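As a plain string of letters, each chain reads:
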Amino acid sequence: MKIAVCIKRTPDSESRFKIAGGSAAIDETGLKFDMDDFASYAVEVALQLNEKQGPGETVVVAVGPDNVQETLRKAMSMGADRAIHLKADAGVFDGLAVAKALATELKAGAFDLVLFGKYAFDTSASVVGTATGALLGVPTITAVSRLEIANGRGTARRELEGAGEMVEFALPAVVTIDEGIARPRYPSLKGIMAAKKKPLETKPAQLGSIRVAVKSMELPAERPPGRIVGQGASAVPELVKLLQNEAKVL
Amino acid sequence: MPNILVFAESRGTELRKVALEAVTAARGLADGMGGGEVHALVAGPPGIAAKAAQVGQYGADAALVCENAAFARYARESVAATLAERAKAGGYRAVVIPFSSQGRDLGPRIAARLDAPIAADVIALSAAGDKITAKHPGYANKVIITLEVSGSPAVISVRPSAFTAKEAARNARSETVQPALDPGAEQVTVKEIIEGAKGKLDLGEAPVIIAGGRGLRGPEHFKLVEDLADAFGNAAVGATRAVTDEGWRPHSDQIGQTGRQVSPQLYVAVGISGAIQHLAGMRTSKTIVAINKDPEAPIFKVADYGVVGDVFEIVPALTTAVREAKKGH
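Protein sequences appear in the order of chains A and B. Going by numbering that gives the first Met the number 0, 249 is the number at position 250 of the first sequence; the sequence numbering is gapless. Going by numbering that gives the first Met the number 0, 126 is the number at position 127 of the second sequence; the sequence numbering is gapless.
Excised from the complex, chain A in its bound form (with noise of 0.2 Å):
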């Protein structure tokens, strides 16, 4: 199979942010960044499905400043064949010009499936794979926890609020994925030195007019400190006279 795999550099989740002086973005200053992790699932999953069913090709596919390539060659040392990165200095939390830009770059492909992470941990907004699914006019899926193909036919589990949606679907379609699904791999020595020599075609992002900006950053507001009530069973008299009495919950 044909499959694309778009991805995402993003900041380490366990990290503490800052804001930056413009108050617009993030302070990147000592941030790790890789993969975004749902991304990573998505690649191994693309991954997988190739090895199985025999000779196919894997194609990842990133928007972004240059830095981005740096997550495309990682792709490629986990396995994949080729990198195409779209080049955006600007407007990515703009979902649907950025969706925009990948359903033109995947339109020429001909793709029998494309996977994305079902979000990026960075816009946290779910928004870029189903809104290129739905301008590619292909079935698209979301949140996917379970994907087997075969004969050109895709079966689904989707995890939704408290229950699990089964699919059926034709290919091609564009898959977006959930966790749990497949343990990304750790590229090898080999894989990296692979990914060196692979193609990795740059091209400016088409994104159109971007009508969604970030006009400023902020962190939350940290929650007032809070009180140790007491200790063991004998605090509980006092804890439920709170729940009622302050919080008014009870």
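To be clear, the hints were calculated from the coordinates, so they are not data collected in a lab. The model shown is predicted, which means the values in this text are computed figures rather than measured ones. Accuracy of the hints is not assured; some may be wrong.
Keeping only pairs whose Cα atoms sit at most 25 Å apart, straight-line, the calculated PhoX-like set for lysine-lysine is [to be verified]:
hint, chain 1, residue 1, chain 2, residue 2
1, B, Lys285, A, Lys240
2, B, Lys199, A, Lys247
3, B, Lys300, A, Lys17
4, B, Lys300, A, Lys240
5, B, Lys326, A, Lys247
6, B, Lys325, A, Lys247
7, B, Lys300, A, Lys247
8, A, Lys1, A, Lys195
9, A, Lys240, B, Lys292
10, A, Lys17, B, Lys134
Chain A is fixed; fit chain B onto it per the hints.
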């Protein structure tokens, strides 16, 4: 004055809490732009029409009712097309939807159909001139991003529990709407819905959440958490990622950065240390109670009320006390 279209999500033949919250958010936005009308689209199986008038209590001027047997299950393309067609025909300024499981799937489809800008998972909304300003927690709730959305219509999805459904009674007129796309011709066929436990409150809707962590030491001890939830009567049970990774609880129970993000009135963390990944999913809860044996556990930094000690001793005592308190009501 610009009008706002809102999607009042339903489950079976009931409107969901997130539907009324979205109507409240839409009402606020319309009022902020001069008091235009709010039209709420309700799509569901036959029988939903009887419930649609509820949207008027929360400030909608019209209920647009789309009844179809196929809407007993989520018909993604048909619902998106119906909302998009209406938005186009009605010249609305914005389409407001909940950022629920359904809404997060639906929003980008509507935006793509309308070629409209989209702001997702919004916790505050205002209008300024020809722009809509939306606050959205990004970086797993660690950074609040203020987005400026230009262009009309805009698609806005609102985070569950971020807007409190507020009564603003109006006599909503009713209008029947046809699906813009045959729900029988969806590209994605739903084969089966695997329900969670019957009668269980959803984590996104429950006013109280009792969550358990590794401190419970094994799946069999979740009975303690379930009993406490039962004592409250309006509580759902959640879990940490460590617990769902161990398979003690289903994946769908996970609260945290990569699981559900919740904001109940009361969150009780039982045997949860408070890893950053977990805090990202619950720190916006109104009141947080933590019960943990380690007084240094980070959960106590975000808890309003902490009790230090053995969960196996404290939780049953709390369950009894809550039952007593509930009886007194």
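Hints versus structure:
no.: 1; hint: Lys285(B) to Lys240(A); in the structure: 17 Å, holds
no.: 2; hint: Lys199(B) to Lys247(A); in the structure: 24 Å, holds
no.: 3; hint: Lys300(B) to Lys17(A); in the structure: 20 Å, holds
no.: 4; hint: Lys300(B) to Lys240(A); in the structure: 21 Å, holds
no.: 5; hint: Lys326(B) to Lys247(A); in the structure: 16 Å, holds
no.: 6; hint: Lys325(B) to Lys247(A); in the structure: 13 Å, holds
no.: 7; hint: Lys300(B) to Lys247(A); in the structure: 21 Å, holds
no.: 8; hint: Lys1(A) to Lys195(A); in the structure: 22 Å, holds
no.: 9; hint: Lys240(A) to Lys292(B); in the structure: 22 Å, holds
no.: 10; hint: Lys17(A) to Lys134(B); in the structure: 18 Å, holds
This entry satisfies every hint, going by the numbered hints stated previously.
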